[in-house]
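Number of protein chains: 2
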Amino acid sequence: MPLITPRTLKGFRDHLPESMLQREQLIDKVKCIYQSYGFSPIDTPALEYEEILLGKGSDETDKQVYSFEDHGGRRVGLRFDLTVPLARFSAQHIGELGTPLKRYQIATVWRGENTQKGRYREFVQCDFDTIGTKSVVADIETALVIHDLLIALGCEAFKIHINNRKILTGLLSSLGIEDKTVPILRCLDKLSKVSREKVADEMLKIDGIGKEAVTSLLAFTEIKGTSEEVLKAARDLVTDNTTFLSGISELSELIHGLAVAGVSDSKVHLDLSIARGLDYYTGNIFETFLDALPEIGSVCSGGRYDHLAETYTKTELPGVGASLGLDRLLAAMQEIGVLDNRSLGAEIFIVYFDPERRDDYLQMARSLRSAGLRVEMYVEPKKIGQQLKYANRRGHRFALIAGSEELDQDLCQIKDLGTGDADPISLKGGYENLVVALKQKLAD
Amino acid sequence: MPLITPRTLKGFRDHLPESMLQREQLIDKVKCIYQSYGFSPIDTPALEYEEILLGKGSDETDKQVYSFEDHGGRRVGLRFDLTVPLARFSAQHIGELGTPLKRYQIATVWRGENTQKGRYREFVQCDFDTIGTKSVVADIETALVIHDLLIALGCEAFKIHINNRKILTGLLSSLGIEDKTVPILRCLDKLSKVSREKVADEMLKIDGIGKEAVTSLLAFTEIKGTSEEVLKAARDLVTDNTTFLSGISELSELIHGLAVAGVSDSKVHLDLSIARGLDYYTGNIFETFLDALPEIGSVCSGGRYDHLAETYTKTELPGVGASLGLDRLLAAMQEIGVLDNRSLGAEIFIVYFDPERRDDYLQMARSLRSAGLRVEMYVEPKKIGQQLKYANRRGHRFALIAGSEELDQDLCQIKDLGTGDADPISLKGGYENLVVALKQKLAD
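Sequence lines, in order, name chains A and B.
Mapping of the first sequence onto this note's numbering: position 101 corresponds to residue 97, and the numbering continues sequentially without gaps.
Mapping of the second sequence onto this note's numbering: position 286 corresponds to residue 282, and the numbering continues sequentially without gaps.
No copy labels: a pair is met if it fits in one copy or bridges any two.
In silico BS3-like cross-links for lysine-lysine, where the CA-CA straight-line distance does not exceed 25 Å:
| # | residue 1 | residue 2 |
| --- | --- | --- |
| 1 | K130 | K379 |
| 2 | K27 | K435 |
| 3 | K435 | K411 |
| 4 | K130 | K385 |
| 5 | K310 | K378 |
| 6 | K378 | K130 |
| 7 | K25 | K263 |
| 8 | K59 | K201 |
| 9 | K186 | K220 |
| 10 | K385 | K411 |
Calculated from the structure, these hints are not laboratory results.
No experiment lies behind these values; they were computed from the predicted model shown.
Based on the sequences and whatever the hints tell you, model everything.
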């Protein structure tokens, strides 16, 4: 039989041990922060009925869904985000789980979109949401979680951009173009990616939108200053629209709450230009940019939505949450250089020196592991130089070396793979001395 | 628009917070054991080219693959195990990674098989393998990892059944029916599930297999006794087949190594009846049964294979490993009652008592979290009884209760949600007292 070329699909990739360890480490930190606010994990199937998935995001996301007919003739699809499954999940289980439902989900999603640098067709999202409450406390917590996440991950220099959908829709309504909200928000959402002129041109293409409206809208998104200044300028602009005013008030409460909870002003940026393209947001919205890499876009985005599960249930399920883009953030952290380089292997490496003494090495490994150490015994009695080369590549910290002669004298060498220094240690009476010595060296 | 019924596909399911926490906890323990032997994580895409997936397991698994045409007209499929992706991965990356490659992968797989009680179409496998060595040390380690996994997960009563493929193929060759190895092994693999008679009938249906051969084969699989007794009886039975004899010798080395490494005899069972249905095994093979629930089948299975990646590369890639069936094990642990019941929420619950004092609660939550505590503040100022009911359901350990009057006097109540006892604590000078008191109470 001819060989099959081993390859992954375009837009998909393997994670090798080094990158996978970094991912696992990051995910552990993310879980830790979510749990510190009382969020609990859930999971949903990768495959859902196609009717559950389609028509929830936009035509664009619909086209990207990997969908097909399963063995039973059902139309099914791979989830393209974690929000639609959350909506279905909430409609199905909220009676049992009660509200507020504070859940997180860290899971893979699939989108058959055009691949670009740093964009994959399979990626991991880390979502957290609070379902079943309209309280602004949940909005404040959402921003606090984003804040704590980035600090915990070692990205100290970032800004959470906030805005409120009601301000935008209120403004549109005061301009008499509220029926164009969806296409206009889609245009505005591109402001951070394409030029002002291009956005203006696109908006003008929307039926019923004139030059004046476009000028007002763009001028509005360009209001700059401290949160207080921006709020004041906005308040002066539209005074008679209740939607607009309640947006202003929700934003004020959010900003106040963040300040009270100790978030530095410098980390929060009231940005009237952010819109979040997805249609379902209805209140405060969030995007997060790294100071060092604003061009990669928001690494953690979200907002408040009042009608999460309306296609599945008549129960009103308002909520608020955000999604951390793990892959984008990892790429960014790599670029900024804030990724820890973890050892790939165990701490301790046992050289398989003398084939006749295999039993000794097996027993040594066992005793050290029982004492809580991570230990790799080399699998074959190859040349010691070759074994140590392997150990260095894998990042073991200490190698244990003992041949027949040494073992006969109840001796073993502890070699520091960083410095190259070797210390003899007595194995008389068992491995206790060795455990103590290794723990001490690891702690130093 | 009519409502869409919120439902999952047949054979798929949601994981609610309680079950998901247990899964996460189990996975953390599994990773810990893998890492304690120097295994590192990798990941591969859920979707692969169909040609990579098909023809690797059996016709049965081929039929179960979820396959379809993607947006680019490629035939693709969802992985049905982690071994085939590992073979592809190894062929692709072994040059960069070197050998031995000790990797683990904990990931979801999909099979469109008929659903039965406790069988799902989407489930998680936890695989670990050592690639690129024929050393029996890697076989010994594989069994040690299985042993340590089950102990760490709290399943103390189990047996690792071991056998060697060479013994079976050697026996068949000595009976002159080595060309029927694959169908015979498939029959023998069913011995733990259906009656001896049914297996005999099935074997007789194989072209060229006579009654005598069936009797010999079944008699062989029924040799019972201690490992030494079984080895002796087997050795007496076939004396002149080199394949058979090298199988016996590999098994002896494995058994010796396990004893040396401190594994109790009672945990290892030389069982000539296990065959592992999959064709690719070539040496020692493993299955693991819980004493309390043998009927659920093996919870951790694997073995040695000498030609893992032969369809993708001419490089010889021998290896050994095993796969822990997370979902099956979880179901078993639930039944035996060895699952920890973890709290669903954070440790500390802050009652949102007085809407006027929201800022105080936000600051309190922030200070406690900074001190490393997990804290949930209720999102709405509902009646205190309702809030405490929620806290009890979520398993918080302590509630902090403070109204305006108390806060004016710098006071707060710590209510133990288990006993109902409440202690006042002073907040004078900040939250330090509170942190100390809570940490003390949590440690008690």
